[in-house]
Amino acid sequence: MTPISKVSRGLFFLSAYVCLPMILVLIGVDVTLRYVFNAPLVWAQEASTITLFMAIILALPESWRRDVHIRADFLTTMMRPGLNNALARLVWLILLGVSVLIVIQCWSDIELMILFNERSTDLGLPLHWFRGALGVVGAVCAVLAGWKLLWPRPSGDPVRGDAL
Amino acid sequence: MIALGTGAFVLLILLIVIGVPIGLSLIAVGIGGLAIVGSLSTAMTQITLSFWSEGTKFVLIAIPFYILMGNLIYHTGIARNMFRAASYWLSWMPGGLAIAAVFACAGFGAVSGSSTATARTMGAIIIPEMRRYGYGMPLSTGVLSASGTLGILIPPSIIMIFYGLMTETSIGALFVAGVVPGLIIALIFATTIVLIVRIDPDQGGHQVAAPALAERVRALLGVLPVLGLFTVLLGGLYLGVFTPTEGSVIGVFVVLVLGFFQRSLSFDAIRASLTDAALMSTMLFVIIVGGTLFTRFLVQTGLIEAITGAMLAMDLGYFQFIFAVTLLYLVLGCVLDVFGMLILTVPILYPIAMALGIDPVWFGIYVIIVAEIGLVTPPLGVNVYVIKTVAQDVPLGKIFLGCMPFVVGILGFIGLLAVFPQIALFLVE
Amino acid sequence: ETEVILSYNQPATSAAWQEVMEPYAARLESLSEGEFDVARYPGEVLHPVADGFRAAATGITDITSAWPLYQASSFSLFHGLQLPGAMPDSDIATVRVMDELYATYLRDEYERMRVKLAFNASTPSYDILASQPINSLEDLHGLRIRAGGSTATEIVERLGGIPVTMAITDAYTAFQQGVVDGIILASADMVAYRMYEVGKHYYQMNAARIAIPHAINAAFYDGLSPELQAVVAEAGNQAGYDYARMYMGLTQSAIERMTEEGVTIVQASEEEQARIAELLNPMWEGFVAENGGEGSVAAAFVNDMRELRDKYEGMSDEEILALPPVEGLR
Ligand code: NA
Ligand code: NA
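Residue numbers (our numbering), protein chains in the order written: chain W, 1 to 164; chain D, 1 to 429; chain V, 1 to 330.
Just so you know, these hints were derived from the structure itself, not from any lab.
Mixed in with the good hints, there may be bad ones.
Not everything, but these chain V residues come out facing chain W in the computed CB check (under 8 Å) [as the list claims (entries may be wrong)]:
id, residue
1, Arg-144
2, Gly-160
3, Pro-163
Note that the structure is a prediction, hence the values are computed from the model and not measured.
Glycine residues also receive a C-beta, built at the ideal position from the N, C-alpha and C atoms.
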């Protein structure tokens, strides 16, 4: 396994096995407190949406690595391997471009967010932390896409990603 | 500008058709378009803004958790037991299980507020079962993709709230008005299934030899866990314990508890369910962000205003208007999601509808149903794509094809609704 | 010709768009004699309202609704406008008080977000709509009330209710099913969100108003000729008052509508008003303490705010509208 795959799997572990269960607990506790004890947590909704954001972005690199993204298969099943290879490279190239833009933008966002003192409403968490997380994820995606472009796997099905 | 919008529309379809992932195609064309109508800097700002604002929407919590709930239900095997009972009792009917699936979706619609969540949750549970009973995959996947529509016609419904707030129409009235059309569409779907199976018996699954009555009655016990889950969710919703969004999370709790007592949930099953929920949510999220970016770009090209403007200039009568709007939504449904379509068109179409004397509640039900068709038509049909994730081996073309009879059914219903508006309105008045 | 991107949160079908923003856009065009060409984007199609400041600061839009409510941590003095009873009863007078305070105290805070003021506006007073009768504060005790933003949350808490946060889109169903027992909102917005369909008891207590100023992209504004900047000022001055007039009309019709729909309307008695004021008054001291205490700018701000409120409360709307516009808004 390449180092980048390890990083991607590590982030995914946080998404699926830490963030999602955390939302489960947060909302479960909030609903119980609200209905049974009439004492809801004012910040539970905010905490769960921020956790949702983290869950979603942390799973991004792994979603590309495992290629779970839905695509039309009308033509790909009929294409020659050479064309399929070219398509796979096009996809990684687009992902690389988009990811690099995200990283650059996160960098300039963070500056503005600190200047504006942007914080979450109920918990007062500095929002640039999460923009930073998006930047890190973007960087991982960019490295992954660059890696795949430079060292494409000589596999039978270049369109599909690494196996589970 | 209008040429730019048209060009982007065509480029997007091209990218999707050659096999670039849908979400990535939307993001790429969206960014490119935004950079042209604005600047690269505003386009880049839009990317991170939409990642954050879409990713922190509370209602989107329903996506991972309904997926998780569907996966867990599948692993507990409670769906299998329920379908065994259904197969015993419905084996006399051609396509009986497919018909049961339609009504199961309608039932789940009473709990969920979203069409895509309904399709994915029920798809994860039902499609493996239909496969087990030998149903043809085009039929199975088509039924499940299309039946998501029932999820938003049976209240609660996020999209009706959205329409209600946008046009200041009574949300309560919309909720009431959706029920009968929802049930009629379910009946139309059932009829469609019977017809399909008559024409192509292979689609209908193999005949199940019904056992003795005692065994058949005993099999009914298998329905109890699912019934229990539904009771908790419906009860919790209507007694004011939780909102529909929170209901997705509570549903997961209930299934976990059920699995614990039945000892039917292994650690591996839970892990696999979480893995799938995280990956699928991210995948759908990329499509949502891409759709947002594309819509923000498209609105600045004036393309949709131009199309609707041209429609206005034709000075249409009632039936012509309905026909034109249906056609418009079929075209827009190629690349826009339901929210995108409504926000871009309703402010323009609504006043025309009012001028034609159309009832605002009726118009809401109508546009929601036509907009929903876009979820099952190529190339961008979100419901079809989520169903594909639970039927990986079925080519997309087959699923879209499987949806076609149901699209025809919905279009038929729209005709019915246009001629007899009372279908939607009589409960309201 | 200069293209102006005008984005707005409410849809094209809303009263705010038709009675305030569309006329504002038309005025920008006519006052500039066609120099401004306004591209109109109602309905949050370019960005959500919560991103108003960033959208205006980065050039996604040129003019939009940019409310400190959604970016609370970026502001301090601005929240003072939302103190209970801080603003006069009249919506017109409220705009005037906001303008004067803005020129003296709030401008720097707002402009730090890389925007300029388009115009000031404010919601009408917040009241409570509940699913059970509220005749006094005792009835409010222990009720779960959906509240948006820190001011409304604190008010509910201090009055003995239990604040619940949730998206406004979830609120209707939640209210209908009893997840929450009530909602705190301006009466006009209760009707716009159709909350009267599910809550039949309206308790009018005039708690506080929420400031909803509108912003201009600073770089865009600075790039305009002095003549065009004057056009922006004149169009904005009217838009602020248009907003007030629209809300006055909506509040009026909201009460009528709710009466028609069988909502019982209870106005807090003098005695209850006094109790409410007593419970909410610590928010004033809290505001001053949080922002530097006695002798600070916040203390002076609060004093001026009280004086301005009393001054304009004593004037009729016609008298206020006849005054020359406040200087130093931009
Ligand atoms: Na529903
Ligand atoms: Na479609």
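Hint check results:
no.	hint	verdict
1	Arg-144	7 Å, holds
2	Gly-160	12 Å, violated
3	Pro-163	6 Å, holds
Checked against the numbered hints given earlier, the structure breaks only hint 2 and satisfies all the rest.
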